[in-house]
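J.: What follows is each chain in one-letter form.
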Amino acid sequence: MHEFSLAQDVFEIVRDTARANGVSFVSEVTLEIGTLSGVEFSAMETAIESLQSGSAFEKTKFIIRKIKAEAVCRHCSKTFEPEDIFSLCPKCGNYGIDIISGRELLVKSITAE
Amino acid sequence: MCDTCGCGSEHGEFTLHSVDHEINDNHVRHDHAHPHSHSHSHSDKGGVTINVETDILSKNNLLAERNRGYFEAKNIKTFNLVSSPGSGKTTLLEKIIPLLKQKHEVFVIEGDQQTTKDAERIKKSGAKAIQINTGNGCHLDAHMISHAVKSLEVTDNSLLFIENVGNLVCPALFDLGESIRIVIASTTEGEDKPIKYPNMFSTSQICVLNKIDLLPHLEFNTEEFIANCKKVNSDLKIVKVSSKTSEGIDNLLNSII
Numbered sequence: 867m868h869e870f871s872l873a874q875d876v877f878e879i880v881r882d883t884a885r886a887n888g889v890s891f892v893s894e895v896t897l898e899i900g901t902l903s904g905v906e907f908s909a910m911e912t913a914i915e916s917l918q919s920g921s922a923f924e925k926t927k928f929i930i931r932k933i934k935a936e937a938v939c940r941h942c943s944k945t946f947e948p949e950d951i952f953s954l955c956p957k958c959g960n961y962g963i964d965i966i967s968g969r970e971l972l973v974k975s976i977t978a979e
Numbered sequence: 329m330c331d332t333c334g335c336g337s338e339h340g341e342f343t344l345h346s347v348d349h350e351i352n353d354n355h356v357r358h359d360h361a362h363p364h365s366h367s368h369s370h371s372d373k374g375g376v377t378i379n380v381e382t383d384i385l386s387k388n389n390l391l392a393e394r395n396r397g398y399f400e401a402k403n404i405k406t407f408n409l410v411s412s413p414g415s416g417k418t419t420l421l422e423k424i425i426p427l428l429k430q431k432h433e434v435f436v437i438e439g440d441q442q443t444t445k446d447a448e449r450i451k452k453s454g455a456k457a458i459q460i461n462t463g464n465g466c467h468l469d470a471h472m473i474s475h476a477v478k479s480l481e482v483t484d485n486s487l488l489f490i491e492n493v494g495n496l497v498c499p500a501l502f503d504l505g506e507s508i509r510i511v512i513a514s515t516t517e518g519e520d521k522p523i524k525y526p527n528m529f530s531t532s533q534i535c536v537l538n539k540i541d542l543l544p545h546l547e548f549n550t551e552e553f554i555a556n557c558k559k560v561n562s563d564l565k566i567v568k569v570s571s572k573t574s575e576g577i578d579n580l581l582n583s584i585i
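Protein chains in written order, with our numbering: chain A, 867 to 979; chain B, 329 to 585.
Heads up, some of the hints might be wrong.
Across the chosen pairs, the derived CB separations fall in these ranges [to be verified]:
1) 949(A) to 386(B): 26 to 32 Å
2) 947(A) to 565(B): 27 to 33 Å
3) 885(A) to 430(B): 50 to 56 Å
4) 414(B) to 961(A): 26 to 32 Å
5) 390(B) to 906(A): 21 to 27 Å
6) 956(A) to 542(B): 36 to 42 Å
7) 551(B) to 947(A): 29 to 35 Å
8) 390(B) to 929(A): 38 to 44 Å
9) 544(B) to 932(A): 43 to 49 Å
10) 931(A) to 401(B): 37 to 43 Å
11) 376(B) to 932(A): 24 to 30 Å
12) 448(B) to 942(A): 50 to 56 Å
13) 545(B) to 956(A): 39 to 45 Å
14) 932(A) to 547(B): 22 to 28 Å
A few chain B positions that, by computed beta-carbon distances, are all more than 12 Å from chain A [as the list claims (entries may be wrong)]:
15) 381
16) 397
17) 449
Treat the hints as calculated values from the structure; they're not laboratory data. The structure displayed is predicted, hence computed values, not measured ones. Cβ coordinates follow ideal geometry from the N, Cα and C atoms, glycine included.
Start from the sequences, fold in the hints, and give me the full structure.
T.: Following this line, the structure appears as structure tokens:
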């Protein structure tokens, strides 16, 4: 359940950004999380909800954008969507891929009112 | 007030225990503003959207880099030992500490959710040890390590082993500032651990396969385990050991020192 400590870091980033920009109410927070980031999406949602209750962000809408994984084969340069960080290239069948997206773990933006 | 991170107080997070005396550094996450300038745009709904683009792990990564700089400046070689519970991390440390102590000062940070049992075991083997109890936490983070290193008074030119909380999932994401990450698997766990928990095996530099003395009694396929390691991380160095019989221990010491 490392999602709980990640959610705490999300709240800290949102709080710092709001303060630095003189924002009193954050209506929306958008996160971008890759499918290969090592984060369980449902656990992240649960962690955020549990931290929201009773906090300054109780009424804030948290949006998690799931970022699809994309990899390039080091052997034949084929671009494809891998299931894991160690997937085989579907074209040449080799191991050895570079993950070019899917590891994102970002607070993308906040919306203030 | 912590002079490294400036943390004041908000929610209690972890507890440090010296095995000699109670430190009771009930530590806290910090809560302070970082002034940044962000670009703003106005959304259709009337609100103002502020682009943040901040990595959720950025705070941990920053503290980890600080730890790494500190360790490098003081010539402290640091190992982050990760594994599932029961793989034999503490027993392995008990085995290698007396051997390493012949030439090096050895320090150990023990991470567990509860109890100081492991730090007490390590202390008996001759290293200075401190216990971090993470409470509900499932991993150590760079912040805890920076405080533990200070409380432990780690000396220059020494070796520091960090025994992470037994868990093959969560500790993978949290850089502690270590020089080398060592994942420990044991022959009683099955050959498929590397592909079931790829993040941990892909972020480690060394894999210790422990309890090889049990191989005659098990159906464990060592070749398949090694092949699975290589699928996930082709650079992973695999060292086969038995903490019980000492087989492979010399190899391990040559690989890390």
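J.: Report holds if the minimum CB distance from residue 397(B) to chain A is greater than 12 Å, and violated otherwise.
T.: The claim holds: residue 397(B) sits with its nearest Cβ about 21 Å from chain A, beyond 12 Å.
J.: Taking 29 to 35 Å as the stated bounds, is the beta-carbon spacing between residue 551(B) and residue 947(A) within them?
T.: The hinted range 29 to 35 Å holds for residue 551(B) and residue 947(A), with Cβ atoms some 30 Å apart.
J.: Tell me if the beta carbons of residue 949(A) and residue 386(B) are separated by a distance inside 26 to 32 Å.
T.: holds, 28 Å
J.: May I ask you to test the hint 36 to 42 Å on the CB atoms belonging to residue 956(A) and residue 542(B)?
T.: With Cβ atoms ~39 Å apart, the hint holds.
J.: In this structure, is the beta-carbon distance linking residue 448(B) and residue 942(A) contained in 50 to 56 Å?
T.: holds, 55 Å
J.: Does the claim that residue 381(B) lies off the interface hold, with its Cβ farther than 12 Å from every Cβ of chain A?
T.: Incorrect as stated: the minimum Cβ-Cβ distance to chain A is 6 Å, not above 12 Å.
J.: Should the hint that residue 931(A) and residue 401(B) are 37 to 43 Å apart at their CB atoms be regarded as holding?
T.: holds, 40 Å
J.: Is 26 to 32 Å a correct range for the gap between the Cβ atoms of residue 414(B) and residue 961(A)?
T.: holds, 30 Å
J.: Given the hint of 27 to 33 Å, check if residue 947(A) and residue 565(B) actually sit that far apart at their C-beta atoms.
T.: holds, 30 Å
J.: Starting from the hint 21 to 27 Å, judge whether the C-beta atoms of residue 390(B) and residue 906(A) obey it.
T.: Cβ of residue 390(B) to Cβ of residue 906(A): about 25 Å, so the range 21 to 27 Å holds.
J.: Do residue 544(B) and residue 932(A) keep their Cβ atoms within the hinted range of 43 to 49 Å?
T.: holds, 47 Å
J.: Going by Cβ atoms, does residue 449(B) stay more than 12 Å from chain A at every point?
T.: holds, 26 Å
In summary, the structure is inconsistent with hints 8, 14, 15 from the numbered list given earlier, while agreeing with the others.
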